[in-house]
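Number of protein chains: 2
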Amino acid sequence: MKLDIRVVVMAGGSGTRFWPLSRGSRPKQFLPIAGERSMLEETVERLLPLVPARKIFTVADAAKTRTIRRLLPGFPARNLLVEPEGRNTAPSLVLATARIHLDNPEAVVVVLPSDHLIRPADLFRRQLEAGCRAAAERGVLVTFGIPPTFPSTGYGYIKAAAKPAGRVNGFPYHEVRSFEEKPPLERARRFVRAGTYTWNSGMFIWRADVFAGKLKRHSPEYAPGWDRMLAALRKDDRRAANAAFKTMPAKSIDYALMEKASGVLVLPARFGWSDVGAWSSLLDVWPRDERGNTARGEILALDASGNLIYNPGRFTALIGVDNLIVVETGDALLVCRRDQDQRVKDVLANLKRRKKGSRLHFPLF
Amino acid sequence: MKLDIRVVVMAGGSGTRFWPLSRGSRPKQFLPIAGERSMLEETVERLLPLVPARKIFTVADAAKTRTIRRLLPGFPARNLLVEPEGRNTAPSLVLATARIHLDNPEAVVVVLPSDHLIRPADLFRRQLEAGCRAAAERGVLVTFGIPPTFPSTGYGYIKAAAKPAGRVNGFPYHEVRSFEEKPPLERARRFVRAGTYTWNSGMFIWRADVFAGKLKRHSPEYAPGWDRMLAALRKDDRRAANAAFKTMPAKSIDYALMEKASGVLVLPARFGWSDVGAWSSLLDVWPRDERGNTARGEILALDASGNLIYNPGRFTALIGVDNLIVVETGDALLVCRRDQDQRVKDVLANLKRRKKGSRLHFPLF
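Protein chains in written order, with our numbering: chain P, 1 to 365; chain H, 1 to 365.
Read the hints as simulated data drawn from the structure, not as lab findings.
Every value quoted in this text rests on a predicted model; they were computed, and no experiment measured them.
We put the beta carbon where it would ideally sit given N, CA and C, even for glycine.
Be aware that one or more of the hints could be misleading.
To be verified - Footprint (simulated), chain H over chain P, 3 or more residues, beta carbon under 8 Å:
hint: 1; stretch: 314-328
hint: 2; stretch: 337-348
Said to hold, decoys possible - From chain P, some residues computed to sit far from chain H (all C-beta separations above 10 Å):
hint: 3; residue: Asp103
hint: 4; residue: Ala107
hint: 5; residue: Asn311
hint: 6; residue: Ala332
Claimed, not checked - Residues of chain P placed beyond 10 Å of chain H at every Cβ, according to the derived structure:
hint: 7; residue: Pro20
hint: 8; residue: Arg288
hint: 9; residue: Glu290
hint: 10; residue: Leu334
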């Protein structure tokens, strides 16, 4: 069976964890953080040998869609789906899946974040194709799980049956037992020890018609939204589509559908994966020197180790400092202990509080 | 007796310890490090209530003299004495003292560094005037000693008689027993414990004619240089003056004269003093927040203490970092442990080594 694979790239995130490089108008997916090009461009390029541009869609708000159009000039404008407002992921995926359903109800829909790092690309594509085949042939929802490398409290977990339910192209898949929300540390440790838990990566696969059926059966509150959306798109009625979008509950697809549906399968990812969740995660991505320093821009490190420096095109000297994150963007400078980079959100909160009557001249957030 | 006080501001230093802010072309004395204006301007302004501009001279090489002319536009151009080459301080002070001797052999010459911080200015002027009176009336060389606050190994020391030899305007002066070079730590500790040692501040006072007499008697190798310099200046012959300058041994005035002369007096400074020797010394100069952070430019410090930030006009966020020196100058960024700031010279040495075939686009030193 020839698969008709379509990809939906979720590009609406407003990630602030890369401040001061990321701002409201330039979230992580639009920044060249992991490689030479933006994470969105790299996400798309990784797919192109498997899926042509005309079968790749993006979903984001109108402002971000303008940026996407600039970053992906070769893409059909009608593939850049616009969210009329922020309503979490379930309404966006109803929109995208309905859009694809119009073309071909049996098309296989792959949902991917726009700001994850995945290597190597060819292994990813092979396993993605295997996942698509499983989703298409078995008529179920499929998800990728990331084998955990530490007891993270920042990801949701997927509990799966210990034994594979089958294999496609050599890749095993397991029946999902449950989706678990971000756990406290002790619980995360138990998950990792158990060996049957993977991180929920936010990568999903379903046939458009299977999605519609599962949604109506397991998440009936979305059924009217689905029907109205499909009807609106069929008539190419943008206003009606937006109205349908706004009637749907603002829930995540995990909560609205994945956790409730039966017969969900998980493929434990074989490829390397990082959600590049904060500055310190780049220490595992960028090349490091023999003292564990990594940098964009030229550095000179004297008795300095484990530092991450972002100061592209300019010179940075480090003397006697360890495990720092230093980010210079021209208008703002961040100097942060490496294990406290999640606190950049506190900086942003503070800046927003101070905005009124501020002496700040620039849009720092 | 009415004193004819002249001041010679030594502005030829090439201090590199404030890299990346200081560079070859903008040494410390030309930077607004301690206050709103450059240290040279503040040095001069501190004097003006006591000494008019026409009686203030500077000594520096030709390139630095161009900068001085820009910083001190109201000064007579002929007061900006130019060193034809770098030959340490003794030849420069022969030049300057001879220049003043031409005007008035009994003028009192005050020699001051251009890059020291002194507060409060009025106390300084009162004690300076007292020193001038002692130098003029007793016909001796006078120096200011800084009461040591810790056993520094970075300064020379002046050993003085325990009991004052006299007082002027309430300020005691002591006979100097010896000048001591920068001591190792143990020796420095003994000096501080003894209570009769002060730091050699590089501030000297002498009558022009007394200087000439002491030089000829205690440092005869400079006698021909003095005579040729005086003759050249009398004829306003710049070439002959330069030639005289270049014949003199390249020694410091401490070594050439002060250590050898008899009857030298020291006044223990009552005013606050700092030679602002490196970035960390500014922690005692700039105002600090309640966590001991100090900054040029706006900062937000989250669990951060004891840091010095130079990033004027821009925003710096600190998270969980302590005792750092961070300096951002647009083309270069320094991140340095506070107790290792003397190592910026190693950065400079490294940059100079790399200069050949370098990928660096800018004059970083």
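Hint-by-hint comparison with the structure:
Look at the stretch 314-328 of chain P against chain H: 11 of its residues bring a Cβ nearer than 8 Å to a Cβ of that chain, three or more, so the hint holds. Residues of the stretch 337-348 of chain P with a Cβ under 8 Å from some Cβ of chain H number 8, which satisfies the need for three, so the listed coverage holds. Every C-beta of chain H lies more than 10 Å from that of Asp103/P, the closest at about 47 Å, which supports listing it as non-interface. Chain H leaves Ala107/P outside its interface by the beta-carbon criterion, the shortest separation being 46 Å against a cut-off of 10 Å.
A beta-carbon of chain H comes within 10 Å of the beta-carbon of Asn311/P; the shortest separation is about 6 Å. Consistency note on Ala332/P: stated as away from chain H, yet its beta-carbon is not over 10 Å from all of that chain's, at 5 Å minimum. Against chain H, the non-interface label of Pro20/P is violated: not every CB pair exceeds 10 Å, the least being about 7 Å. Non-interface status of Arg288/P relative to chain H is upheld: no Cβ of that chain comes within 10 Å, the nearest being about 17 Å off.
At roughly 16 Å, the least C-beta separation between Glu290/P and chain H is larger than 10 Å, which holds for a residue marked as non-interface. Listed as outside the interface, Leu334/P is inconsistent with that label: its C-beta sits roughly 5 Å from the nearest C-beta of chain H, within the 10 Å cut-off.
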